[in-house]
Amino acid sequence: MTALKLGLPSKGRLQQDAINWFSKADITVARTGSDREYAGQVTGLDGIELVLLSASEIPRELAAGRIHLGVTGEDLIQEKLADWAQITPAVAHMGFGFADLIVAVPDSWADVTTLRDLDDAAAQFHANHGHRLRIATKYHNLVRGFLSTQGVADFEIVDSQGATEGTIKNQTAEAIADITSSGATLTANHLRILTDGEILKSQATLFAARNAHWSDANRATFATLCGRLDLPVPALT
Amino acid sequence: MSGLARRGSDYRRLVELSESLLGGFEQAGYERIDPPMLHDAAHVGLGGQTLLDLTYLMGNGLALRSDFTVPVYLLHAERGRDAGTPRYCYSGPVFRRSAPGDDRPTEYLQLGIEYFGSLRREAADVRIFANILAALHRSGLKDVPVMTGDVALFHAVLDALDMSDRIRARLRGLFWRPEQLRAQITRMQTPIAVPDTLAGPDIEAKLHDTLTIQGKRSPAEVAELLTARANDMLPANTAQTLLAYLDITGPIGQVPELVRALLGDRIDDALARFEDRLSELCHRLGPEALDTPFRADFGRRHEYYDGFVFEMAHAGQVIAAGGRYDRLSQQVGAADWPAIGGMIRPQILLSALDEVAK
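Residue numbers (this note's numbering), protein chains in the order written: chain A, 1 to 237; chain B, 1001 to 1358.
There may be inaccurate statements among the hints.
Below 25 Å or equal to it, Euclidean Cα-Cα: the simulated PhoX-like pairs (lysine-lysine) are [what the hints assert, rightly or not]:
1. LYS24(A) / LYS5(A)
2. LYS5(A) / LYS80(A)
3. LYS138(A) / LYS80(A)
4. LYS138(A) / LYS11(A)
5. LYS1216(B) / LYS169(A)
6. LYS1142(B) / LYS1358(B)
7. LYS1206(B) / LYS138(A)
8. LYS1206(B) / LYS169(A)
9. LYS11(A) / LYS80(A)
Simulated from the structure, these hints should not be mistaken for laboratory data.
For reference, chain B alone in the conformation it holds in the complex (with noise of 0.2 Å):
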């Protein structure tokens, strides 16, 4: 039952359990808010292409919100500095286009929480982390799959690595498709030369003379593109090193250890909050935590995310997920508010509560 349950049993039971679910969070400290269906496309975007694809855009400068950390974010941002250290909680409808020949439904509800605040930030990814995991556990849902990931972490390897900031930069933006992001590792390992007819020294020059120049994509860019695919090559040991750390895949508690057998201690400062975030992980959740799987690649498409992610599954559809969004406040307003948030899937969790019932 993924569809909407609007009337009869379904129904109360779907009310029931949000109800439940947000005065779990409310009594956790979590102040609710109703933060608005449509806000203003410009932000789309930062949720990158999955989001973009997913977002109804009313084609007058507004879109139909397709997840809440945007509309959240803008509802914290309009109280200002004073805010102290704000945590919200929030449920609602949600709108996703779906692809032709998708049946996936094209509204659904979505509960969650969000933390605002630069404090103890590996903390606050265990609490949210914890929060949600509670949340699906107090609901009734005892065994359900986990998988985290860490996006701050890729950037710390990416930025310990000999290449050049522009592979760098061309890295980062490709890590939110593994598949993609793993060809052109090995791709830019390798020259691609430059045709014939434009070789030379002022190949920018010679687009000029021999082809029709239009649009606003210019030469210089397609000069750029050219010479740096003919000269500007990743070294073999650094992709080497990079498709290693990709496919690092197991107990989030083993994951320092592995990422330093293959970097040893280059990247010590990432790894000293990434290993924070695990003795809070203990702290809170006892050592089993420490089993909880974790995937190099593992970053669930949302461009924001910069940090911890994660995701809690049933039968492939996704109950519950979260992660940390620091440079967001940046890319929409110019503020630095460091934030992390979750949410939860009612539907989907009452679904999956019946056929763990069966």
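Bound-form chain A, shown alone (with noise of 0.2 Å):
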């Protein structure tokens, strides 16, 4: 009998909390082996088994029905999951790893304060030095999305993985879509967030795979967890 697989960050603040988080199920999740090695056991509920995964890789794992269920956050599941809402229905919002998606220009744009403000800037700016402006940022459909429904055009986006936010200095982008929760490292920077330019609110979510295997065994453990925790058994097919 395959066991429910159950997908948590392999590290960090994001799988702490996770872990906590489950407790109030009973259900204890302990790292076997050293700290380093990826490895875990599930207690407290039987025919759970542990996956300890890249926080940005969970999304793919869900889609691809691989782990039954995992924890990640919705910034990621929508950047990089097209029909997300089908193939991986929330279980439950988790109420850590608060992050929302902005859009941040250079605190020195005093006629830049709103979406439409950036529209204007992008046309100039694309006059003025024959090339798009760039707004850095990792996630891509997103901030795309967003920007195209909001009627701002003249953009280019540029692929950033980290320290998005000194792009602007280094001259490789003009403006930042990231992710920020308190806003001090923007603030830090000297950027500031546009009024209408929230594209997201995120939490880290649990997330079930519609695509996985889900045998009456994990159907029954499933049902057993989301009795524990008070929460609806979303549909899984």
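Both chains come to you apart, so use the hints to assemble them.
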């Protein structure tokens, strides 16, 4: 009998918060071996197997159905999966890992406080500099989709997988779209969020994989888990 | 059926339809060519934001073609100036990134014609339009809704009306997004005051004094936009005329009359060309062609277009489309090869034929 596979982030704060969250359901997740070994054990509810994964790979594993349940941010799910609501219904918002995906510009752009202003500045920039206004982000799909529905054009997305706030100073981008929780990093880098520049409010979320093979035993385990947490069981087909 | 038919009877029919369309174009004097699937990514932006967002950039300076216009132009440019009046036809897959949640196919066939040459442009407009329409008719699709527009006419209207060059350039660029264009026309009539902390004679110096400057967009540009929005307004009567122009919709034959009612004799040159095109339409397709629908704000969102544009759609899906792109050759290769092209999507055409047959 195949156990219900639960994908958790392989390290960091997100992992610890997720472990604490499951303890509310009397489910104990313990890392086995050394801290560096990616293995763990679940006790308190039979039939669950732990799979430790990079948070950014959990959406893909959910989509492929290689894990039944997974904990990751809504930002990553929505960025990486086209029909995420069909593929991986959310089971529970977990109340940690809060992050807003926002559009920010240099504070010195006194003429740009809204997306409409950004559109003005982008047209001006394109005409003056011979290339489009570059927006650094790792959330290519979410940002492109948001800006086009909000009527912003004349931009191009440039990839930035980290230290995104620094791209403007380094002149590899003119504006950024990134996740922020307190906004402190933005302020420290003299950046300012546009007043209507919030793309997504995200938090850590438990997702279920419709594409996984759900045996009767897996379903029963899942129902017990939901019951202990007072959660409605989402439809899995 | 917008997906790919790659085997079986659907594939057979697709091949037969494509070959018969291409054969028709070759008979009409178009030379069959095979443009490469990958081209220099530097040219992708010419199609504007919509095409840029849809194009797969391969990350090595190459882009996977999302339409044929630029690849055909580049192939034509290789031949040099002595190519006479070249007409080309082609067929092959194009590739489109789809946004999350978008189930449109990422790969589909396009088949089309391009015509390079500066002689009798209005006649060439009508020739391409008529060739595409005739190809649809020959395939069995008799009744297909058509929409037309004219980007050059919009430019002529902007040139004739009272406004600053800055505003004119901005509105030209906004043509591709009718909603934003209308919103900006309204917005540009009202000044936006410079913030108190920066107001006064030298905004740029105040920006340097009060804020941390970083990045490639300069304080001079920030100051320029602040000053322009506070002082450079779109006159109210201009705005009114522009909005009325953009709302023009009706039979193409009535457009000159409607435009003259708004602008008098101020854009006679552009209208003379428009009327030349109307006589060509009438001559080639008969007087009922003057009933072809026209919309002043219609531009197909392919930003290399700068003249006549057209589109044939069925049940919300574009079956065929095309337009004039005279300036593309100047932007890509500093040449001057005015051109117009049109394309058909055989898979959509096939599903439209199936639906009509039901």
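Verification of the hints:
A distance of roughly 19 Å separates the Cα atoms of LYS24(A) and LYS5(A); the hinted pair therefore holds under the 25 Å criterion. Restraint check: the Cα-Cα separation between LYS5(A) and LYS80(A) comes to about 21 Å, which is no more than 25 Å; the hinted pair holds. For the hint pairing LYS138(A) with LYS80(A), the CA-to-CA distance comes to about 11 Å; that is within 25 Å, so the pair holds. Using a Cα cut-off of 25 Å, the hinted pair LYS138(A) and LYS11(A) holds, with the two alpha carbons roughly 20 Å apart.
Between LYS1216(B) and LYS169(A) the CA atoms are separated by roughly 8 Å; this keeps the pair inside 25 Å, and the hint holds. About 15 Å separates the Cα atoms of LYS1142(B) and LYS1358(B), which keeps this hinted pair within 25 Å; it holds. Using a Cα cut-off of 25 Å, the hinted pair LYS1206(B) and LYS138(A) is violated, with the two alpha carbons roughly 34 Å apart. Straight-line distance between C-alpha atoms of LYS1206(B) and LYS169(A) comes to about 20 Å, which keeps the hinted pair within the 25 Å bound.
Distance restraint check for LYS11(A) and LYS80(A): the Cα-Cα separation of roughly 20 Å lies within the 25 Å cut-off, and the hinted pair is therefore satisfied.
The structure fails to meet hint 7 from the earlier list, while all remaining hints are met.
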